[in-house]
Amino acid sequence: GEDVEQSLFLSVREGDSSVINCTYTDSSSTYLYWYKQEPGAGLQLLTYIFSNMDMKQDQRLTVLLNKKDKHLSLRIADTQTGDSAIYFCAETSRGGYNKLIFGAGTRLAVHP
Amino acid sequence: SQTIHQWPATLVQPVGSPLSLECTVEGTSNPNLYWYRQAAGRGLQLLFYSVGIGQISSEVPQNLSASRPQDRQFILSSKKLLLSDSGFYLCAWMPQGNTEAFFGQGTRLTVV
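Order-wise, the sequence lines are chains A and B.
Position 42 of the first sequence, counted from 1, bears residue number 42 in this note's numbering, the numbering being contiguous throughout.
With the second sequence counted from 1, adding 1000 to any position gets you this note's numbering.
By construction, these hints were calculated from the structure, which means they are not laboratory data.
Wrong hints could be hidden among the right ones.
As the list claims (entries may be wrong) - EDC-like, lysine to aspartate or glutamate: derived pairs with alpha carbons at most 16 Å apart:
no., chain 1, residue 1, chain 2, residue 2
1, A, LYS99, B, ASP1085
2, A, LYS99, B, GLU1059
3, A, LYS67, A, ASP54
4, A, LYS36, A, ASP58
5, A, LYS99, A, ASP3
6, A, LYS67, A, ASP3
7, A, LYS67, A, GLU5
8, A, LYS36, B, GLU1100
9, A, LYS36, A, ASP69
As the list claims (entries may be wrong) - Some chain B residues flagged as far from chain A (calculated, every beta-carbon gap over 10 Å):
no., residue
10, PRO1008
11, PRO1018
12, SER1020
13, THR1024
14, GLY1027
15, SER1029
16, ILE1053
17, THR1099
18, VAL1111
Glycine is no exception: its CB is placed at the ideal position from the N, C-alpha and C atoms.
With the rest of the complex left out, here is chain A (with noise of 0.2 Å):
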């Protein structure tokens, strides 16, 4: 079955990058992202990574992606207090349908 897995807790100093990781066991997914999300509130899409891909970079985030390891990792550089938030891994397969399957998520903590 699906499963991803990331670490609970980040705690980083403002101006330096962070780095997220995951990794996720279905060999089959076609598509991994990284969704933010902040206090009582829903999620939102930061960046996602097709499969056939190692690395992505937008702006201040780099996705990278080992898929011989299954390992998926999000670094935020420059990291801003505004960062703070619950960083979730997700993974999706195509059997027909897409069913996207989350991590428990990453509390990022950012201080002064």
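Given the structure of chain A, go ahead and fit chain B onto it with the hints provided.
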């Protein structure tokens, strides 16, 4: 443009009472629809997904049920709530054949 509406935003219900949470999507047709639950301090758990009217798949056994009476309407129900049903419920939709899921703002349910 597409929008997703989820209501109510907060709900306090006594144990044993029924539940009905509604989610509607506008501006698209035949979307994949999802119900997730986020328990306090935990990740997102996929409860139900639907690829079409009347087609519901359940991911975990529980006393909740889902229905899709219309193409863009997804309802989460219970006949008798349990304390363990408390949590943050999120509805989401994804266009068929697309890559991004869009989330509602969530319903915070407290069962007392």
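Results of checking the hints against the structure:
no.	hint	verdict
1	LYS99(A) / ASP1085(B)	violated, 22 Å
2	LYS99(A) / GLU1059(B)	holds, 10 Å
3	LYS67(A) / ASP54(A)	holds, 8 Å
4	LYS36(A) / ASP58(A)	holds, 15 Å
5	LYS99(A) / ASP3(A)	holds, 12 Å
6	LYS67(A) / ASP3(A)	holds, 15 Å
7	LYS67(A) / GLU5(A)	holds, 15 Å
8	LYS36(A) / GLU1100(B)	holds, 13 Å
9	LYS36(A) / ASP69(A)	violated, 24 Å
10	PRO1008	holds, 14 Å
11	PRO1018	holds, 25 Å
12	SER1020	holds, 20 Å
13	THR1024	holds, 15 Å
14	GLY1027	holds, 17 Å
15	SER1029	holds, 16 Å
16	ILE1053	holds, 14 Å
17	THR1099	violated, 5 Å
18	VAL1111	holds, 18 Å
In the structure shown, a violation is registered for the earlier hints numbered 1, 9 and 17, in ascending order.
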